[in-house]
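Q: Chain by chain, the residues:
Number of protein chains: 2
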Amino acid sequence: MLHLYDLNHAVVVIIDVLRATSTIATALYNGAKCVIPVDSVAKCIELGRQIDGITAGERDGMIAEGLEHGNSPFEYSRDFINNRTLVLTTTNGTKLLHMALERGAGQIVTGSFPNLSAVCDFLIAQNQPVVLGCAAWKDRINLEDMLFAGAVIHRVKNHFSINCDSAQIAESVYLEAEKDLYAFMKAKDASHYHRLMGFGLEKDIRYCLTPDVANVLPLYENGKLIVL
Amino acid sequence: MLHLYDLNHAVVVIIDVLRATSTIATALYNGAKCVIPVDSVAKCIELGRQIDGITAGERDGMIAEGLEHGNSPFEYSRDFINNRTLVLTTTNGTKLLHMALERGAGQIVTGSFPNLSAVCDFLIAQNQPVVLGCAAWKDRINLEDMLFAGAVIHRVKNHFSINCDSAQIAESVYLEAEKDLYAFMKAKDASHYHRLMGFGLEKDIRYCLTPDVANVLPLYENGKLIVL
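The listed protein sequences correspond, in order, to chains S and R. Residue 1414 is where the first sequence starts when you use the numbering used here, and the numbers rise one by one after that. Residue 1414 is where the second sequence starts when you use the numbering used here, and the numbers rise one by one after that.
To be clear, the hints were calculated from the coordinates, so they are not data collected in a lab. Glycine included, C-beta positions come from ideal geometry on N, C-alpha and C. One or more hints might be untrue.
To be verified - With a straight-line Cα cutoff of 25 angstroms, these simulated SDA-like cross-link-like pairs (lysine to any residue) come out:
hint: 1; chain 1: R; residue 1: Lys1601; chain 2: S; residue 2: Lys1508
hint: 2; chain 1: S; residue 1: Lys1599; chain 2: R; residue 2: Glu1589
hint: 3; chain 1: S; residue 1: Lys1601; chain 2: R; residue 2: Asn1576
hint: 4; chain 1: S; residue 1: Lys1599; chain 2: R; residue 2: His1607
hint: 5; chain 1: R; residue 1: Lys1570; chain 2: S; residue 2: Glu1591
hint: 6; chain 1: S; residue 1: Lys1508; chain 2: R; residue 2: Cys1577
hint: 7; chain 1: S; residue 1: Lys1601; chain 2: R; residue 2: His1572
hint: 8; chain 1: S; residue 1: Lys1601; chain 2: R; residue 2: Val1569
hint: 9; chain 1: S; residue 1: Lys1616; chain 2: R; residue 2: Asn1576
hint: 10; chain 1: R; residue 1: Lys1601; chain 2: S; residue 2: Lys1616
hint: 11; chain 1: R; residue 1: Lys1592; chain 2: S; residue 2: Arg1553
hint: 12; chain 1: R; residue 1: Lys1601; chain 2: S; residue 2: Cys1577
hint: 13; chain 1: S; residue 1: Lys1599; chain 2: R; residue 2: Lys1599
hint: 14; chain 1: S; residue 1: Lys1599; chain 2: R; residue 2: Glu1634
hint: 15; chain 1: R; residue 1: Lys1570; chain 2: S; residue 2: Lys1570
hint: 16; chain 1: R; residue 1: Lys1592; chain 2: S; residue 2: Lys1616
hint: 17; chain 1: R; residue 1: Lys1599; chain 2: S; residue 2: Cys1577
hint: 18; chain 1: R; residue 1: Lys1570; chain 2: S; residue 2: Glu1589
hint: 19; chain 1: R; residue 1: Lys1599; chain 2: S; residue 2: Ser1574
hint: 20; chain 1: S; residue 1: Lys1599; chain 2: R; residue 2: Ser1574
hint: 21; chain 1: R; residue 1: Lys1446; chain 2: S; residue 2: Cys1577
hint: 22; chain 1: S; residue 1: Lys1601; chain 2: R; residue 2: Asn1571
hint: 23; chain 1: S; residue 1: Lys1570; chain 2: R; residue 2: His1607
Unchecked claim - Now the stretches of chain S that chain R is said to cover, found in silico as 3 or more residues with beta-carbon under 8 angstroms:
hint: 24; region: 1426-1433
hint: 25; region: 1573-1580
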């Protein structure tokens, strides 16, 4: 729904909690030089070759053909990723990021529970309009991205005015879920909870719902996400 | 977001709580022969003349030029509307209704708190897939339509499987708000609460959030909403 908002001078937060933006924060936290988001497997392979980067991405829950790694944050330990460049293909997150670029966003960052505080601190410090862009899946809102948006709103709202009911909705749902985000996702049988559990990825889900375990701010500049 | 869902054989509930669908239920409850929704003031005037109907609709909170009545349910008492035809122009609700028609919806009904039970009873009896279509405003979701969707989901969910996180989100927010919907709308300073309060319409808001005070089921057939 990014087209509904004026992005000039705005800070756009790209949110794709399960698992793209959680993995981006983790890779950068563990020392990756940068993360380059691309929108197709072909571009990922090509760019990976050119710059000797680590190529990663999944389609339907499997490492995409021709790529080396998947979307799990646990694949990007410091031992592995430190000082390397990660070329990551994601569908929705990258699409949203490019949309934000085209529409003239002032600054673009990525957000997830693992870097919740870094995002909130940045938004408060910038003091510019904020658009929280939930990547969704096939254009449907999902619970975890709304929970993250709600967490951000809850923390920063005293510094901003809210002009969209969806922000109120997100905060309400977050406050209900706050005590145990994983239990809430499970109780609601959230679509991505369901899908990832089917792949045996409970550990990933729990990690991606944990605040501040990879607390850096990925900022998009010249095609790359770097730590601010 | 209606385009995301398969509407074949589905029952689509058009929701525009403040105030179109609340007013439709009220007019029919009070004996209107039918309500004909149209998407422009010009069509409303023309059709009103042809069939000697009561023309109604607002733009920017005022009765639209050339029409006789507004969007308030309180304008449609039994004394006034009994046995008459109401030609109502609304923007978002009518647009959504036409979209549902074009996409082959099985049946189309309108929903609002004043006819909550009638909607729920119908959905359970039909036992077909259900799409709850929130009319929104300029494409943004609003709190009251989500609350109504949540109320419906809460009441009918044991008869259906839920396959969309937005349904879980709607029910969560509804359960938080349930005890006092008006207070919740006020506390969240919901966009339409804010706008209608600016026109002095607290009474309308309170009425439109009251369950079952006009408990009929408006069903769309051949261009008209009639009581099933």
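Q: Does each hint fit the structure? Answer for all of them.
A: Against the structure, the hints come out as follows:
The hinted pair formed by R/Lys1601 and S/Lys1508 fails the criterion: a straight-line CA distance of about 31 angstroms is larger than 25 angstroms. At roughly 19 angstroms between alpha-carbon atoms, S/Lys1599 and R/Glu1589 fall within 25 angstroms of each other, so this suggested pair holds. Distance restraint check for S/Lys1601 and R/Asn1576: the Cα-Cα separation of roughly 11 angstroms lies within the 25 angstroms cut-off, and the hinted pair is therefore satisfied. Taking the CA atoms of S/Lys1599 and R/His1607, the gap is near 35 angstroms; set against the 25 angstroms cutoff, the hint is violated.
Of the supplied pair hints, the one linking R/Lys1570 and S/Glu1591 holds, its CA atoms being roughly 24 angstroms apart against a limit of 25 angstroms. Restraint check for S/Lys1508 and R/Cys1577: the C-alpha separation of about 21 angstroms stays at or below 25 angstroms, so the hint holds. As the CA atoms of S/Lys1601 and R/His1572 are separated by approximately 16 angstroms, the hinted pair is consistent with the 25 angstroms bound. With a CA separation close to 16 angstroms, the supplied pair S/Lys1601 and R/Val1569 stays within the 25 angstroms bound.
Of the pairs offered as hints, the one joining S/Lys1616 and R/Asn1576 holds, with about 24 angstroms between alpha carbons and a cut-off of 25 angstroms not exceeded. Pair hint R/Lys1601 plus S/Lys1616 does not hold up; C-alpha atoms about 35 angstroms apart against a cutoff of 25 angstroms. Between R/Lys1592 and S/Arg1553 the CA atoms are separated by roughly 29 angstroms; this puts the pair beyond 25 angstroms, and the hint is violated. In summary, the hint linking R/Lys1601 to S/Cys1577 is supported, as the alpha carbons are separated by about 10 angstroms, within the 25 angstroms threshold.
Pair hint S/Lys1599 plus R/Lys1599 does not hold up; C-alpha atoms about 31 angstroms apart against a cutoff of 25 angstroms. Among the hinted pairs, S/Lys1599 with R/Glu1634 is inconsistent with the structure: their alpha-carbon atoms are about 41 angstroms apart, more than 25 angstroms. Our distance criterion of 25 angstroms between C-alpha atoms is broken by R/Lys1570 and S/Lys1570, whose separation comes to about 33 angstroms. At roughly 37 angstroms between alpha-carbon atoms, R/Lys1592 and S/Lys1616 are farther apart than 25 angstroms, so this suggested pair is violated.
Simply put, R/Lys1599 and S/Cys1577 have alpha-carbon atoms about 14 angstroms apart, close enough for the 25 angstroms limit, and the pair holds. Pair hint R/Lys1570 plus S/Glu1589 holds up; C-alpha atoms about 20 angstroms apart against a cutoff of 25 angstroms. Proposed proximity of R/Lys1599 and S/Ser1574 is supported: the alpha carbons are some 16 angstroms apart, at most 25 angstroms. The straight-line distance between the Cα atoms of S/Lys1599 and R/Ser1574 is roughly 15 angstroms, inside the 25 angstroms bound, and the hint therefore holds.
Proximity of R/Lys1446 to S/Cys1577 is assessed by CA-CA distance (about 38 angstroms); at most 25 angstroms being required, the pair is judged violated. Of the supplied pair hints, the one linking S/Lys1601 and R/Asn1571 holds, its CA atoms being roughly 14 angstroms apart against a limit of 25 angstroms. Restraint check: the Cα-Cα separation between S/Lys1570 and R/His1607 comes to about 18 angstroms, which is no more than 25 angstroms; the hinted pair holds. For the region 1426-1433 of chain S, the stated coverage by chain R is violated: 0 residues have a C-beta nearer than 8 angstroms to a C-beta of that chain, whereas at least 3 were required.
Residue count for the region 1573-1580 of chain S with a Cβ under 8 angstroms from a Cβ of chain R: 5. That meets the three needed, and the coverage hint holds.
In summary, the numbered hints that this structure violates are 1, 4, 10, 11, 13, 14, 15, 16, 21 and 24.
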